[in-house]
Each structure stands twice: as C-alpha cells, then as structure tokens.
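Participant: Take a look at the letters that make up each chain.
2 protein chains.
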Amino acid sequence: MKKLINKVESVLNEQLLGLGEAHPELLVHQEPVFVTRAVGPIQGKVAILSGGGSDHEPMHCGFVGEGMLDGACPGEIFTSPTPDKMYECAQVIDGGSGVLLIIKNYTGDMLNFETATELLHDSGMPVATVTVDDDVAVKDSLYTAGRRGVANTVLMEKLLGAAAVRGDSLDALEMLGHKINNQGHSLGIALGACTVPAAGRPSFVLADNEMEFGVGIHGEPGIERRPFTTLNNAVDDMFHTLIDHGNYQRTIRVWDRLKGAWREESQSKRALTRGDRVIALVNNLGSTPLSELYGVYHRLAERCAEAGMIIERNLVGSYCTSLDMPGVSITLLQVDDELLSLWDAPVKTPALRWG
Amino acid sequence: MKKLINKVESVLNEQLLGLGEAHPELLVHQEPVFVTRAVGPIQGKVAILSGGGSDHEPMHCGFVGEGMLDGACPGEIFTSPTPDKMYECAQVIDGGSGVLLIIKNYTGDMLNFETATELLHDSGMPVATVTVDDDVAVKDSLYTAGRRGVANTVLMEKLLGAAAVRGDSLDALEMLGHKINNQGHSLGIALGACTVPAAGRPSFVLADNEMEFGVGIHGEPGIERRPFTTLNNAVDDMFHTLIDHGNYQRTIRVWDRLKGAWREESQSKRALTRGDRVIALVNNLGSTPLSELYGVYHRLAERCAEAGMIIERNLVGSYCTSLDMPGVSITLLQVDDELLSLWDAPVKTPALRWG
Numbered sequence: 200m201k202k203l204i205n206k207v208e209s210v211l212n213e214q215l216l217g218l219g220e221a222h223p224e225l226l227v228h229q230e231p232v233f234v235t236r237a238v239g240p241i242q243g244k245v246a247i248l249s250g251g252g253s254d255h256e257p258m259h260c261g262f263v264g265e266g267m268l269d270g271a272c273p274g275e276i277f278t279s280p281t282p283d284k285m286y287e288c289a290q291v292i293d294g295g296s297g298v299l300l301i302i303k304n305y306t307g308d309m310l311n312f313e314t315a316t317e318l319l320h321d322s323g324m325p326v327a328t329v330t331v332d333d334d335v336a337v338k339d340s341l342y343t344a345g346r347r348g349v350a351n352t353v354l355m356e357k358l359l360g361a362a363a364v365r366g367d368s369l370d371a372l373e374m375l376g377h378k379i380n381n382q383g384h385s386l387g388i389a390l391g392a393c394t395v396p397a398a399g400r401p402s403f404v405l406a407d408n409e410m411e412f413g414v415g416i417h418g419e420p421g422i423e424r425r426p427f428t429t430l431n432n433a434v435d436d437m438f439h440t441l442i443d444h445g446n447y448q449r450t451i452r453v454w455d456r457l458k459g460a461w462r463e464e465s466q467s468k469r470a471l472t473r474g475d476r477v478i479a480l481v482n483n484l485g486s487t488p489l490s491e492l493y494g495v496y497h498r499l500a501e502r503c504a505e506a507g508m509i510i511e512r513n514l515v516g517s518y519c520t521s522l523d524m525p526g527v528s529i530t531l532l533q534v535d536d537e538l539l540s541l542w543d544a545p546v547k548t549p550a551l552r553w554g
Numbered sequence: 200m201k202k203l204i205n206k207v208e209s210v211l212n213e214q215l216l217g218l219g220e221a222h223p224e225l226l227v228h229q230e231p232v233f234v235t236r237a238v239g240p241i242q243g244k245v246a247i248l249s250g251g252g253s254d255h256e257p258m259h260c261g262f263v264g265e266g267m268l269d270g271a272c273p274g275e276i277f278t279s280p281t282p283d284k285m286y287e288c289a290q291v292i293d294g295g296s297g298v299l300l301i302i303k304n305y306t307g308d309m310l311n312f313e314t315a316t317e318l319l320h321d322s323g324m325p326v327a328t329v330t331v332d333d334d335v336a337v338k339d340s341l342y343t344a345g346r347r348g349v350a351n352t353v354l355m356e357k358l359l360g361a362a363a364v365r366g367d368s369l370d371a372l373e374m375l376g377h378k379i380n381n382q383g384h385s386l387g388i389a390l391g392a393c394t395v396p397a398a399g400r401p402s403f404v405l406a407d408n409e410m411e412f413g414v415g416i417h418g419e420p421g422i423e424r425r426p427f428t429t430l431n432n433a434v435d436d437m438f439h440t441l442i443d444h445g446n447y448q449r450t451i452r453v454w455d456r457l458k459g460a461w462r463e464e465s466q467s468k469r470a471l472t473r474g475d476r477v478i479a480l481v482n483n484l485g486s487t488p489l490s491e492l493y494g495v496y497h498r499l500a501e502r503c504a505e506a507g508m509i510i511e512r513n514l515v516g517s518y519c520t521s522l523d524m525p526g527v528s529i530t531l532l533q534v535d536d537e538l539l540s541l542w543d544a545p546v547k548t549p550a551l552r553w554g
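One line per chain: the protein sequences are Z and Y, in this order. Heads up, this note's numbering is the position in the first sequence plus 199, with the first residue counted as 1. Heads up, this note's numbering is the position in the second sequence plus 199, with the first residue counted as 1.
These aren't lab readings, by the way, just hints derived from the structure by calculation. Do not take every clue at face value.
Put simply, identical chains are the same to the list, so a pair is met inside one copy or across any two.
Stated by the list, open to error - Mimicking EDC-like on lysine to aspartate or glutamate, the simulated pairs with C-alpha atoms at most 16 Å apart in a straight line are:
#1 201 - 409
#2 201 - 407
#3 547 - 208
#4 338 - 443
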C-alpha cells in the first residue's frame, strides 16, 4: 500500500490542519477535534451540525460554511465520532435557537449522536435530530439496522442549511428533514475496493468482470456481486432498483424535547414515479474519472426522461466518497418549488459554492 | 480493466453529452466537437479558447463559462485536437475583438494550435497565442520540446478569463499570459499509473516503495523513480525542486499579427524566492483522496512559511487530472495585487465557481 500520508495515526489531524489553513473561514478545534465556521454562532439561527467517520470527504467538514453546516464532527476513518465532540461543537455553534443534528443511519453514529442529543438536552439546549437512510440497497447491513445513510446526506445538509438561514425553527427543520429523507433514494456500485490505511490492502477483491452492486460507502457489500458489462447496463440496473425499491415503511427514532425521551415513529419512504421533479446527484465514490461520471449522468438523464421524471437540478462530482474506491452512486431526490428555492440559495463552503 | 464506459470509441462523445445536459449554460457542438458558452459571443470582449487531449477533466471543457473560457476544444484521450476544431470554435465565440488561444506545450498541441492560428489569421480574425510550459520536471520529454504544460494552465485560464471580462485587449492579454507563464511552476508525483481505456492496462508499473518523481499528466516519466517514504518527505522534495529549477531562459514562439508570421522570442522563467506572494494549487492527478490532498497542502504551507513565501490564495482538488492516476501536483504562481484581483473576480463554470 502506498498512500500520501505520514503515518496512519496522523492522517485525520494533518488533513484537518490543511483544511483549516486552506480555508481560513473555517476553524479547526482540538481536543476534541471538530470544525466550525470561524465567524462564530449566528444569533437566532438554528445551527446545523453533522458528522461521522472520516474518509468520505468532502463530507462533512467540507460542507461547513455559509448556507450549509455550522459545524462538523469527524471520527477516525470509517469510525463514528464520540458524543463529546458533538456536545462541544454544539456549544460553540448554538446561536440561542438550538441545534439540529444530521445523522447517517449507522449503528455507531446513531448511538453516539443519540447520546450527544441527551447530553445537550440535559445542558438545556433545544436539540432535534434527523436521520438519513437513503440507500435502497439493503434493509440491514454490516454496520446498520435499517437502510444506510449515504449521498442524500449531501442534499439534506444543503437544503436544511438554506432553510436555517431562511429562519426556520428547530421544529420546522426537523419536519423538513424527514420529508427530504423520505423523498430521497440512493444506490452505489463499485468496480473495485478502497484501501483503508490501517488495513493496508483492498477491503475486498472483485473478478475482472464483476461489480459490487449496492455497495456501501465503507466498501461493505450490498445487494450482490453482478457481472459488469457496460456503463449503460450498469446505470439501467441502478435506475430500476432505485425506482423499484423506494417504497417502504420503517420506524424512525424521534427526540421528544418536551418529554426528554425518544419515541418511535412509523414513516414512509415515497417511491419515485412518473411526473416527479428531482435533484440528481452522480457521486464519485473515489477514483472514478470525471469523464465517466458525465457518461453516467448522460445515461441517467435518458432513463429519467423515459420514465417521465424531470431532472430540475444536478450535481456531478466527488461529494460522499469512500477513500479511493472506483465506483459511483446515484441519488434521486424528489423536490418541489420550495426545495428548489432552498437548493438555489447561496452556499459558500469548501466543497459546494454558488449564488 | 474495468471502466464505467460503453466502448472506447464512445467515451468522449458520451461524456460531452452528459456535460452539456448537466450544464445547460454550455453548448456542445458536433462535427467538429467543441464546447462553448450557450449565450453566444460577448461583443467587444476578447474570446478565450483552450483545448487539448481529453481525460484531464475538468480541464478544459469544465472551465467554460462566465469569467473563464469562452470555448474549449477536446481531442481524443491524451491526443491533441485538430485545427478545424479550434477554427470553428473561434468563429462561434469571437465577439469582434479576436480570440486568444491558450496552448499547453506539447508537440501535437503546438502544431495543431499554430495551424489554427494561421487559418484564423487568414480568415481575418485577430488572434494571439499564449503557451504554458510550467512543469519544472523535464527540459524535454516524450511528447514535448521544452517544458510541459500542466496545472498552471488552470490558473492561466482563470486569470486571463477575468482579464478579458475586465476589457483587456488581445495584446494586453498576450502580455499578461506570458507574465503568468513565466511566474508559475509545477511539479507532479505519481504513486502508480493511470489506465488508458484503449490500452487496457496501467501505463507503467511501480514497485511498492517507488514513486514517479516529476510525472507528466499522461503518466510519462519525469525526473526519476525515487523511493516513496512519507508525505512530508515527498512534499519537501517537490517544494525544493520547484524552487531550485524555476530559473531559466527559453525561446517562445509568438504570433506576429502584423506580419502574419511566427517569431522566436527569448523569455525568462522567474524562480520563486523569499518574500514572494503566491497562489498555491494542490492538484489531484486522479484517484488521490481529498484527505491526502489536504495533508499535502498542510506540509506545503509549512514549507512556504519557512521559505518566507506567502500563500495568498489556494485551490485544493481535482483540476488537471490524468484519468485515475494516484498522485498529486503542486503549482506555485507568483502573484501581485493585480493578479489577485483577477483571481477574486467572479467565475461561473462547472468546475470553478465563486463571486
């Protein structure tokens, strides 16, 4: 294994130092390690916080900035951050209107973010959570009870960030988050594995004609290994799976601020259908050239048009990655005028900027 | 070899279709294939045109847009575009004040762009050229007489794009281009090779402890194969080579519009030195994770500080790539207030946007 690192233990710290130096509008905190905007809390605005294991960059630290996240808590590689990070980060970014935590649905993240939620509640801070479980590939998996949270997290963070700037209350943001989660679907494929520095070798081996269909963002297996033939066949398979697997009920844990307790709520994922307007995200899982991503987008646009779906906005690039994994994921999020105006609102972060 | 493509012959066309569909502010022309802004020529503004072999994406087509390129001419993979593309593209983008061609210094590109220059001149269009030869690694190489043009091309296209919007004349842009070229230096390393689709296998093989030091953006060799030890050692070696090899004279071909002929002009590359203000570009050559790029930036910032150089602006990401090559390049461009204000000017392209 060759990687542009000094040693495995220093990768996270060195990359965060570099991020802070390259982007002085961010502040990298130490002990515990987390990232916030340098300007400090915005009074009256609900603060948006996310986080999770590292090496999905630019997610999440690269999305800290105006119009998106107020803070991000990175764990070690593919490892959830501990609750003290979220607790300390929330204290720094709270502008008096509370903090919304965006959590990807992995067992470790759920546990640690839920503990942080309880700690923050006990400290007197208004706090709410939104879970992302957009990966249609698996019902349960190696690291998950229920669907995994993958690239729809990027769209969620952009949209809720804009809604917080608009002045939405914590309750309104939580509701909007559930809506975005229920309307967004993702699926990934890998043509090969990533190499985790501590492991030193690829996390799985595929034959020359195989792809991992429904791969997770840690290289964990998905639906099955399938023959890889062509770009068009792969995108067609992904598209049909996204459509066919998008309709299901599951139980979501919701933090009840009045009672200071979790309650279970049954929510429905809404399948994509003819006439839907969508934001389409073609996401590089690691080492896929941009030329291939645009090839994927071209085929996806054809499939959407045939299915009577309108791609209103798109994003093509590296947003929710898995180290150097060759592969791609597609996210389709059903949107309306309100979500589109939130999407178009200005954003200024290292990884996403417009307006 | 597994790639997210249908067949080798269709890669370029499918990626350009996808690019045009994802970015309706661009127009993809066919027969010959080139990309322009959809809005058409801006009257009175000099048009900026670049191009070159494909699979360095987002360079160049991803830099077409407000404040940067008016048109880009992609060749096949790692192959120069033919003069008819530049000729037709220039006709589409010329707003009456002529066209500036930005050429990376490769034998094929020089030949084809120079032919295009002559054809455009004969058609009565005011035309000028700027060559980029920023790679300090080699004096002559596999595809080049003289230094190769690499990632300083990205900075050149941004800065000249802004100067054209400012209203600079063709002559002024040519002068400014030579200045940017003489003040910018780049060096790349690879930890492995890229795989060209038509070849179907990696273009070279490195041992587990080797890096290609001074690699080109087609995977062509550079200074030598060296042991790869750590990130810090590699960045230190790159930094010192950038500083030490930056001072030399060479002959540049300049198009004389009055005479309708080429003349040779001796120009000096200016080495970087203490007190210099720079734009630093840490560029992913392909499959290097963002975490490692920020690690590189962190070490580079330390080296610059020690050498008394001030990084005024930076760019960290995938801008001038070589398919899926694991590796990185560093570009340092000496700047002044004027160049910084051009850098900060608004830009709206698929790959670079701010302001």
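Participant: Check each numbered hint against the structure and report the violated ones by number, ascending.
Facilitator: 3
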